[in-house]
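**Q** Model the placement of chain B on the given structure of chain A, informed by the hints.
Listed here are the chains, written in short residue letters.
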Amino acid sequence: MKVLNYMELKIPSKAQNEAFARVAVAAFVAQLDPTLDEVTEIKTAVSEAVTNSIIHAYEDKIGEIIIKGKIYENYVVEIEVIDFGKGIEDVELARQPLFTTKPDQERSGMGFTVMETFMDKLDVTSEVGKGTCVKMLKAIKKRKSEGAEN
Amino acid sequence: MDFEAIIMEGILILKIKGELDQYNADKYRLRFDMKIVSPEVQKVVIDISELSFMDSSGVGFLVGRFRTAKAFAKELVLVCNSNYINKLLSTCGIEKLIKKYTTIEEALS
Numbered sequence: 138m139k140v141l142n143y144m145e146l147k148i149p150s151k152a153q154n155e156a157f158a159r160v161a162v163a164a165f166v167a168q169l170d171p172t173l174d175e176v177t178e179i180k181t182a183v184s185e186a187v188t189n190s191i192i193h194a195y196e197d198k199i200g201e202i203i204i205k206g207k208i209y210e211n212y213v214v215e216i217e218v219i220d221f222g223k224g225i226e227d228v229e230l231a232r233q234p235l236f237t238t239k240p241d242q243e244r245s246g247m248g249f250t251v252m253e254t255f256m257d258k259l260d261v262t263s264e265v266g267k268g269t270c271v272k273m274l275k276a277i278k279k280r281k282s283e284g285a286e287n
Numbered sequence: 032m033d034f035e036a037i038i039m040e041g042i043l044i045l046k047i048k049g050e051l052d053q054y055n056a057d058k059y060r061l062r063f064d065m066k067i068v069s070p071e072v073q074k075v076v077i078d079i080s081e082l083s084f085m086d087s088s089g090v091g092f093l094v095g096r097f098r099t100a101k102a103f104a105k106e107l108v109l110v111c112n113s114n115y116i117n118k119l120l121s122t123c124g125i126e127k128l129i130k131k132y133t134t135i136e137e138a139l140s
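Protein sequences appear in the order of chains A and B.
Residues in the first sequence are numbered from 138 upward in steps of one, following our numbering.
Residues in the second sequence are numbered from 32 upward in steps of one, following our numbering.
Excised from the complex, chain B in its bound form:
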């Protein structure tokens, strides 16, 4: 797994690529949280469109980052257009908790 972080007018965009499983979740948890809690960030967009693999540990990771953002009164949304990951997210009921968009443009508007 790899990620890119861009901050644009107070919006942090985290684009994750590769495989998000328990091993990578443990590895990246703190690095994501440190970016999310940064004072210049008001809103967080996590783009998981280019993930090639994710399991329920990855879902736990996303929910964890959502909780971090919420604890600091920041909004966190997801961008995802992969059918497989959408099926996983809906199986885990994450859509009731975190807003999801199909494109970055929609998430930013």
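For reference, chain A alone in the conformation it holds in the complex:
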């Protein structure tokens, strides 16, 4: 697939940056004229991935989170959330609904399930001690003839 546009953001893993990250991604995606529901779903998925990096990857320390966005032809959006934190030992297990390593902190254990539900595709690659990359794809319904091609 041909890349029509892209962006990259680098933020420290501070909780107040969750809102910034999801709003920035929403602004990037806006050029495809998505519906309010589509934007909200993308924002939610980004929020989940960034929260995971803050809470789990970096725990009590501050590290860097990179957010990459790509717009492909045919109105497909790809969002990557990358951290260099502690990594996930068992990705399959972590992706199970209700799985959480922090039940005492009111974590719902539904982050990956929400990303899967609200996006069309979710890939998680992780290496213990190195970090995690969450890659998500979503196809935006085409609402106007021009826009993404320009």
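Hints listed in this document are in silico derivations from the structure and should not be mistaken for laboratory results.
As the structure is a computational prediction, the values presented were derived from the model and not from experiment.
You can trust all of the hints, since none of them are fake.
Far from chain B, some chain A residues (derived; all Cβ distances over 12 Å):
no., residue
1, Ala167
2, Ile199
3, Asp227
4, Lys272
Derived Cβ-Cβ restraints for the label pairs, each shown as a range:
no., chain 1, residue 1, chain 2, residue 2, range
5, B, Asp33, A, Ile199, 20 to 30 Å
6, A, Gly200, B, Ser83, 26 to 36 Å
7, A, Gly200, B, Glu137, 42 to 52 Å
8, B, Asn114, A, Arg280, 14 to 24 Å
Heads up, the beta-carbon is just placed ideally off N, CA and C, and yes, glycines get one too.
**A** Leaving out everything else, chain B in the frame of chain A:
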């Protein structure tokens, strides 16, 4: 995020506005719990109809307040008429745990 708290005949109504994510959940957890455990409160209604954003950290926050209420033998229900938040709540399976109404009037009756 911002909220209003009203106590009416033993019923605490907490109306949340804005964005409920991990950052705000951490910020408001204790303030909500202190209102919920207050002796004059018998029932808690959390109105999330006017939230503009919520993620699974927000769901965790609601479940946490439900558990606080339950520990003090109080009923806690939700009011929500947003399609997006309803989808999030059902994805997370919260409806099996917490009763949900579409209007405040229904929740109070």
